[in-house]
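Chains as they are written, first to last, in the numbering used here: chain U, 1 to 399; chain Z, 400 to 622.
Please note that a few of the clues may not be correct.
Quick look at which bits of chain U chain Z covers, simulated, 3 or more residues with Cβ under 8 Å [to be verified]:
#1 6-13
#2 34-40
#3 301-307
#4 327-336
Just so you know, these hints were derived from the structure itself, not from any lab.
C-beta atoms are modelled at their ideal positions from N, C-alpha and C, and glycine is treated no differently.
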Amino acid sequence: MSTQIRLPFYLAWQYIRRGRKWTFFLTIFMMSVAFINLIFISSLFAGIIDGTNKQIINTMTGNFYITPNDGQDYIKGKDRALDLIATVDGVTGESARTQVPARMSYKNIRGSWQILAINPEDERLVSNVADKMTSGVFLEPGDDDQIIIGRQIAGGENVEENAFSFKGAKVGEKVTLTFEGFAKEFTIKGIFATKFVEADSRAFITNSALTKLLPTTTDFATTIAIKTDKSASADTLTKISALGIEGKVYSWQEAAGLMKLVAESFKSINALVTIVGILIAAVTIFIIIYVDIVNKRKQIGILRAIGIKSYIIIFSYVILAAVYAVAGVILGTVLFFVAIVPYFQAHPFVLPICDAVLVLSKLDYIARAEAIMWVSVISGLIPAALTTRTKILDAILGR
Amino acid sequence: MIASIIQADKVSKTYHTGGAEIRALSDISLVILPGDFIMITGRNGSGKSTLLHQLALLDFPDSGEVIINNQKTTELSEQLRMDFRLSSLGYIFQEYALIAELTAIENVMLPAMMLESSEKAKKKAAQLLDKVGLTNKHNRLPSELSGGEQQKVAIARALVNSPRIIFADEPTANLDTIAAKEVLNIFKTLNEKDGITIVMVTHEPEELEYASRLIHLSDGRIK
């Protein structure tokens, strides 16, 4: 009996060892292509979602976000709050942003964009706006008469919201902030473009500029964005909440707004595409293995004629199909991570909201590799089982 | 009275091809005794191979019964028929029917591995290959052997589980005269020295002298 248990492995090994090498490697290559097809689209969507999430974190919210308590317009005790937040493990930066209560005008164009007062040094630690200047430079602490504006405010050709912008404002030109009862002229020091429309529809001045105009806002903030590193744990939010700051602490996911819905939509599309991908991979693999086994119909008939039990024959082909699958997944993994992922890291997909690279989570990888395995095993099982159920003579004589 | 080893009782078989009915066997009844060397002859399409397939349990008759050791084989499950083929019958195909990916010794030991350890099966296979004259060709693949050598491997494979009966379907049809004679001499030795019953299909008149009994088929009937 123990010999009978070993027999399927023995047969499968001999098929691999002595079968046509070209056919064997071609089958494995096709399996690897099916696997890459399955992980590529999924990785692309995951990359877009990941890129979008990073955009939200890096340009808008940070990893955590504090807003005023219900019924309040500001977070009081801004400086104390920043000092306390800095003591929390994993926090790498914190920036208080104060909504500037002003309308902005350029030449004869006037509008209400979000204007935030910031400490430029703090902001550099939380957002990447300073790295996204397309012309001019980022603010410095003493810039009391200067402003930086987003691409959607500056406007110009090819700008998504050009109709509602300054239609081509440039660095060095003047804009006017009109407050209740007075106005102040600022020079555009820089224009930034993060590729995130919501982020690029903002303007920044320094805290010191706002304080000079509205001294009462000195220790107030509208929001505080907090950046953490990988050492931040799941209870970081709890720790920040426990600091006694007069505000409500949210994770970036809760503050993501519209982009959260966009990311959710991508996830849904990804799930659908994955299902379609699995079906395509299943059909492809089934055809590959089915053709391989149907070509061995005569051999299966001979094995049955000499007394080899059907379950041994079926199991030997299931093992063969599993070997194809494992080898295909390994080859596909190597090709994907050694060639495809580095290529797209060097040449990302340029999308309106972010530059996406391929991202594949361990869980997604395992799930897709498992799908390939199961599909292959079933693809080996069905034709082998069907062939062992046909008449021996029909199998041998090809009737 | 000697008990039969195989008995066919009114065995009939009809094939349906393209809407036409071809009656391959009509009420064939025969008795094969232990130690017989039977040759089934007849023209092409006379039903020789069809009869052999029924006797070797590779096919089911439409009616009638094949009785082996007093056991009605139509009552046996496919599993029991397979067990019976494995342990008691040896079958040799005209086209050798070797597994292309296995060497000579691996082809021979394969049926034995169903019943005993691979070490014992290998030892037995080596002895049988030596017996049929393939001493130095144990590790050759079928593609590296001549037609006669491949047929000898097929004979060794049919013998590996020490069957009481060997069925051979035109085993010399694809061989040259010398190779054919070698194969027939092996059958003769197996029959005379080892007492194995041989049932062989042939249409070569010069081979009939090896048989102890002849069965001539014409249009699916024994003449």
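Evaluated hints:
{"no.": "1", "hint": "6-13", "result": "holds (count 3)"}
{"no.": "2", "hint": "34-40", "result": "violated (count 0)"}
{"no.": "3", "hint": "301-307", "result": "holds (count 6)"}
{"no.": "4", "hint": "327-336", "result": "violated (count 0)"}
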